[in-house]
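Participant: Here the working numbering is used: the first residue of the sequence shown is -12, the next is one more, and so on.
Simulated from the structure, these hints should not be mistaken for lab results. For glycine and all other residues, C-beta sits at the position ideal for the given N, C-alpha and C. Heads up, some of the hints might be wrong.
Cut-off 27 angstroms, straight-line C-alpha distance, at most; resulting in silico cross-link-like pairs (BS3-like, lysine-lysine) [said to hold, decoys possible]:
1) 15 / 69
2) 70 / 15
3) 13 / 70
4) 13 / 69
So the derived label-pair ranges between C-beta atoms look like this [to be verified]:
5) 49 / 8: 28 to 34 angstroms
6) 71 / 16: 17 to 23 angstroms
7) -8 / 15: 32 to 38 angstroms
8) -8 / 60: 29 to 35 angstroms
9) 64 / 6: 16 to 22 angstroms
10) 69 / -6: 23 to 29 angstroms
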Amino acid sequence: MDGFIFTILLFFVFLILMVFLIFSLKGKPAMYLTAITATLSAWFIGLVLDANIDFMPAGFLNLRVLFPILAMGLCILNAVSKKSD
C-alpha cells in the first residue's frame, strides 16, 4: 500500500474514533475534544492541500496554518454563543 493512502486511511480512522468519543462525552470535555479534533483535522487537510497544490511564487499557500486558525476560531465562537444562551 502506498504511504500516502495509508496516511489518509489512518487519518480517517483517527477521525471516526474521535467522533465516537465526542458523542459519548458531555459538557466541557466534549467541547475540548471537539476543538482538538477540528484543529488537528484542519491542519492535516491544509498540509495535504499545500503539498498537492502548486503555487509558483512562494511554493505553497500556507493552508496548513490558515485552516487550524479558522477551525479553532469557529470552535471558540461556538462555545461563546452556547454560553450566552
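Participant: Taking the hints in turn, state whether each one holds.
Facilitator: Structure-based check of each hint:
{"no.": "1", "hint": "15 / 69", "in the structure": "holds (12 angstroms)"}
{"no.": "2", "hint": "70 / 15", "in the structure": "holds (11 angstroms)"}
{"no.": "3", "hint": "13 / 70", "in the structure": "holds (15 angstroms)"}
{"no.": "4", "hint": "13 / 69", "in the structure": "holds (14 angstroms)"}
{"no.": "5", "hint": "49 / 8: 28 to 34 angstroms", "in the structure": "holds (30 angstroms)"}
{"no.": "6", "hint": "71 / 16: 17 to 23 angstroms", "in the structure": "holds (21 angstroms)"}
{"no.": "7", "hint": "-8 / 15: 32 to 38 angstroms", "in the structure": "holds (36 angstroms)"}
{"no.": "8", "hint": "-8 / 60: 29 to 35 angstroms", "in the structure": "holds (31 angstroms)"}
{"no.": "9", "hint": "64 / 6: 16 to 22 angstroms", "in the structure": "holds (21 angstroms)"}
{"no.": "10", "hint": "69 / -6: 23 to 29 angstroms", "in the structure": "violated (34 angstroms)"}
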